[in-house]
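Hey, can you work out the whole structure from these sequences and the hints?
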Amino acid sequence: MQNLEEFRKEVKEWLNDNCPQSMRAGANPSIPIDEVWGGRKAEYKNPESKLWLDRMGAKGWTMPTVSKEYGGGGLTADEVTILNQEMFAIGAKGPLLSFGIWMLAPVLLEYGTEEQKKEHLPKIIKGEIRWCQGYSEPGSGSDLASLATKAEDNGDHFIVNGQKVWTSYADKADWIFALVRTGPKEPKHDGISFLLIDMETAGVSTKPITLISGKSPFCETFFDDVKVPKENLIGQQNAGWAIAKALLQHERAFLSSFGLASSMGSGRDLVSIAKKHIGEEDGKISNGFYRSQITAHKIKEHAFGLTLKRAKDEGGKASATASMFKLYGSEHNKRRHELMIAATGINGVAWDGDEFDKKDKDLTRAWLRTKGNSIEGGTSEVQLNVISKRVLGLPS
Amino acid sequence: MKLILTEEQEFLRDTARDFARERTPVTHFRSLRDNKDENLWDKDIWQEMVNLGWSGILIPEEFGGSDFGVAGISVILQECGKTLTPSPLFSTGVLGAYAISNFGTKEQKEKYLPKIVSGEITTALAVDESSHHDPSKTLFKAEQKASNFLLNGKKTFVIDGASADIFIVLARTSGNSGDLAGLTLFVVESSIDGIKKIKLDMADSRNYANIEFNNVECSNEDILGALESGGETVERILDIGRIAMSAEMLGNAESAFETTIEYLKQRKQFGVVIGTFQALQHRAAEMFCEIELTKSAVMAAIHGADENSNELQRLSSLAKTIAGETLNLVSNEAIQMHGGIGVTDEYDLGFFIKRSRVAEQIFGSSTYHTERYANLSGF
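Chains A and B, in that order, are what the protein sequence lines are. So in the working numbering, spot 36 of the first sequence is number 36, and the numbers just go up one at a time. So in the working numbering, spot 30 of the second sequence is number 1030, and the numbers just go up one at a time.
Take the hints with a grain of salt, since some may be wrong.
[Unchecked claim] Using 25 Å as the maximum straight-line C-alpha spacing, the simulated BS3-like pairs for lysine-lysine come out as follows:
| no. | chain 1 | residue 1 | chain 2 | residue 2 |
| --- | --- | --- | --- | --- |
| 1 | A | K312 | A | K389 |
| 2 | B | K1111 | A | K389 |
| 3 | B | K1137 | A | K284 |
| 4 | B | K1002 | A | K312 |
I should point out that these hints are in silico values taken from the structure, not numbers from a laboratory.
Structure (structure tokens):
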């Protein structure tokens, strides 16, 4: 306990000396805010964003529980709690958003060789290398294991050919972790390998995808005779499916820690929108039909929020219910946006131009973006399959 | 507020689970119905429940109760709901015990609470007067005559009203229909002159009655809570009742769902188990999720009641709305997924759908509580 109090004191002092003012609560609102993802191509509007990342990265506190030999903070769980508390106390901004941290690093720790850990983890932790995820393909969505991007064994390296899709921020990333087919003759789950590929290698190219909502971070990524050294293979050749699934669990875990899909899209309040655009009488939404639809939805959201809380209070037996959270998080979010645009009326389907408020135009696009919520990260139908088979034990 | 049960509450739940399985499986209810039992609940079974301390769970220790709270009684009702256990536990152990413990005078507590604990009396709460629950529309009259009151009017859908020894009755002492102000609660013994009980035969084969009051005399000492504050008082009692009833309805839904999942795993058609059909799997998964949401709403409401949350009214309406909708969904789907056998009287599922629709009417339907939730939330 003595040590923990000492540690708290050290953290407090270090944060005081090292966390720039613009990275804390109450920062001057005229200073631009960066969304910091790190990497070789990163650009910063505020140089202190980079400074804060470098300082936290050097301490290893972007991944505080990882041991110091891999560039982590080497902290115990209690110490991490203290670090979080002290950062929260001054309203310190998280220094780094990173698929490397959320998805790849846990898998490297479990499946990587000593060399691979030492090579990649420090760069992830310091935010030097930005990663993207190469999973889905045009022909492999829900049925991911049918993927066809092939990696041919060519002695000390693989030759990779094929295409990935829905690779978020591929155009900004430095490396990609990809699932590739190394065993074309094996059963589909037994011919997949988990490969790390430098995006600067000859033959890798990307193309952004425009969604129905407009611009998006998603890309298509193409591999045309890309030479990948064998040391970039994680785990055994043809044994990548288990790693792929482990990574998906980490992805789901970080999605739920972010408050899930229900927080995505427009954060505007449905009831205020309805009162503004439909009208208000005696403090009530003046149209009874809208009011009852909105209330029915609010009741469902309230119960869903309580269910998230209950899962937490029960102490994370969440694996059985993770699919339910994904399902309801995205379906509720879609419903909320449908109700918001309906309540906004004509302005709720505004697209562009000066005749409409930016808020309303953004809402239209947010509504369209939510249509992807029940597709990305496993469709709603896949979640229902998982619940019926794994939770309810219904036969295949 | 943590949305989990304490060890004490888990113990009560486990005891109730064993009791319901061993003493009151659905066959118990079936035999009462088939034999047209006078009370539609069994006196010996009720005494066993009393002996387990259940009628005194909401009663303070000084009157012989255990004071285990709304969460305690609700987990018991949830388990009883799984086997459709008929008993006056809701009307007496929840409504009567809560009302008198919290709003009774010292004399009323001393007079009635020990008798509720011992099982000597059962109680009923008489609120409704028309086909839709709405306490503010009370017309039942209590007229002041010198130091006494004369009660006149008719109450309907009084739960366990056909067998109750004590009525807690909501009456208008001033004001008009639509006002929650001007209402007063009275505690009246059912045996006194001028009271007529008319049994109701409802779809769920439980004990209900219409009660007629014809110049029934009451005194100041019979008022529960303060004169003219009955609206607020009864809303509080009703909220506790709504929460406990939601727990029972959750138990109904869990049981019908479990039966259905078992059936999906056994029943074969086209040479395969019907549980392999995705058309049924997805609907089953949706029911699972709705039940999970209901568990959370009920859990928040029972703890909210015990912690005197200022959100209690909203939580009560949330729980009753969700429990009603979920039980409707599950009871409908259970029958559809069972096919022909689901609509036979021989099979138990019919009891669940009948109970579900009657329970929905108890102290406000899902529609009533959706509207109330909207009003309380400022929508």
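Now the hints, each set against the structure:
Taking the CA atoms of A:K312 and A:K389, the gap is near 23 Å; set against the 25 Å cutoff, the hint holds. The hinted pair formed by B:K1111 and A:K389 fails the criterion: a straight-line CA distance of about 56 Å is larger than 25 Å. Of the supplied pair hints, the one linking B:K1137 and A:K284 holds, its CA atoms being roughly 22 Å apart against a limit of 25 Å. A distance of roughly 9 Å separates the Cα atoms of B:K1002 and A:K312; the hinted pair therefore holds under the 25 Å criterion.
Hint compliance for this structure: hint 2 alone is broken.
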